[in-house]
Structures are given as structure tokens and as C-alpha cells.
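Trainee: Residue numbering for the sequence shown follows the numbering used here, beginning at 592 and increasing consecutively.
Please keep in mind that the hints were generated in silico from the structure rather than gathered at the bench.
Some hints could be false.
Stated by the list, open to error - DEER-style ranges, computed between Cβ atoms: (1) Glu707 <-> Ser740: 28 to 36 Å; (2) Lys738 <-> Tyr670: 24 to 32 Å; (3) Gly680 <-> Thr706: 14 to 22 Å; (4) Ser740 <-> Asn719: 15 to 23 Å; (5) Pro724 <-> Gly656: 14 to 22 Å; (6) Glu707 <-> Pro634: 15 to 23 Å; (7) Pro666 <-> Arg708: 21 to 29 Å; (8) Gly656 <-> Met619: 31 to 39 Å; (9) Ser740 <-> Lys621: 15 to 23 Å; (10) Lys654 <-> Arg708: 27 to 35 Å; (11) Ser740 <-> Arg687: 25 to 33 Å; (12) Lys723 <-> Pro634: 29 to 37 Å.
The beta carbon of each residue, even a glycine, is placed where N, CA and C say it ideally should be.
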Amino acid sequence: MIWLVILVVILAFQFVVLFLGAPYVPTMHKQRRVALDLLELKPGQTLIDLGCGDGAMLIEAAKRGIKSVGYEINPLLAYIAWVRTRKYGNKVKIVRGNFWQKKWPPADAVFVFLTERYMERLNQNMKNRFKKPVKLVTYGFSISGKKASATKGACFLYKY
Numbered sequence: 592m593i594w595l596v597i598l599v600v601i602l603a604f605q606f607v608v609l610f611l612g613a614p615y616v617p618t619m620h621k622q623r624r625v626a627l628d629l630l631e632l633k634p635g636q637t638l639i640d641l642g643c644g645d646g647a648m649l650i651e652a653a654k655r656g657i658k659s660v661g662y663e664i665n666p667l668l669a670y671i672a673w674v675r676t677r678k679y680g681n682k683v684k685i686v687r688g689n690f691w692q693k694k695w696p697p698a699d700a701v702f703v704f705l706t707e708r709y710m711e712r713l714n715q716n717m718k719n720r721f722k723k724p725v726k727l728v729t730y731g732f733s734i735s736g737k738k739a740s741a742t743k744g745a746c747f748l749y750k751y
């Protein structure tokens, strides 16, 4: 029985890596704080976390009074994020599925930890998905050809 559980967990993670190219790599606590500091969001504003993993960024945002919506394609991680964020009530929403294909709500900012090969696609999506100005913080990778408004460590702030 334990082997079946292990196999299901491995398959859930490998499916995402093999077919969508986005492995689960958690953003460390310090980087989450840096990203939120760069975004300068105020309580009541909304953050979208693309690929929210276990919900750590959503929790960090909720502690600051920021509403957040996290997208996660891995069903196991989406469930973990949902369990971890339940105590924050309507401040946090988890959406299971591929964020490229889902509708994004109106937001003040977006956070993402994507690999370099997806950055141009993200750049185009940011230009087309929002009607009002929005900020984006990427962690780990910058958007080639777009000048960041600010950088701190491995976090890059962009304004759209």
C-alpha cells in the first residue's frame, strides 16, 4: 500500500515536469519577503501566484492582509496549498489547473517562479490579461528584452 502512495506522489510531480516543464521548487522565506516588499501591496489588494506550489507565498501575503489567488496544476500540491491556507478564509483562493488556460481575476500584482523558457510567453500574457496597471515580480529569471523597474537579489519587478 505504501508503494502505491509513493508511486502516486512521484507520478503527480513527474507529470508536471515531463509534460509542462515546470518542476516544483519552493521559494524560500527570504525571497518571498523580498518579492512582496518589491510589490509594495497594501492590505486588501490582490496578488496572483502562478504555480503556487504548497501555498507558502499565499500565506506570506495573507499575513500582510493581501488577498491572493494561487494557481497550481499539480493536484497534490494544490490540495496541500488548500489545507495550509484554509485558516485565512476568503483572503486566499486556490485554483487547481493550468494557469495559462485559466481566467485570471483582476489583480494588483502577479508573482511567478518560472524557468527562462516561459518568460516571453508570460510577458505577452501580462500585456493582454489586465485592463489596469499591474506589477509582476519574477523570481530566479528575468524577462529577456524587458527592463526591470527594480531588482533585489534574484527578484525582478516589472510594471505593465
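Trainee: Which of the listed hints are not met by the structure?
Mentor: 1, 2, 3, 6, 8, 12
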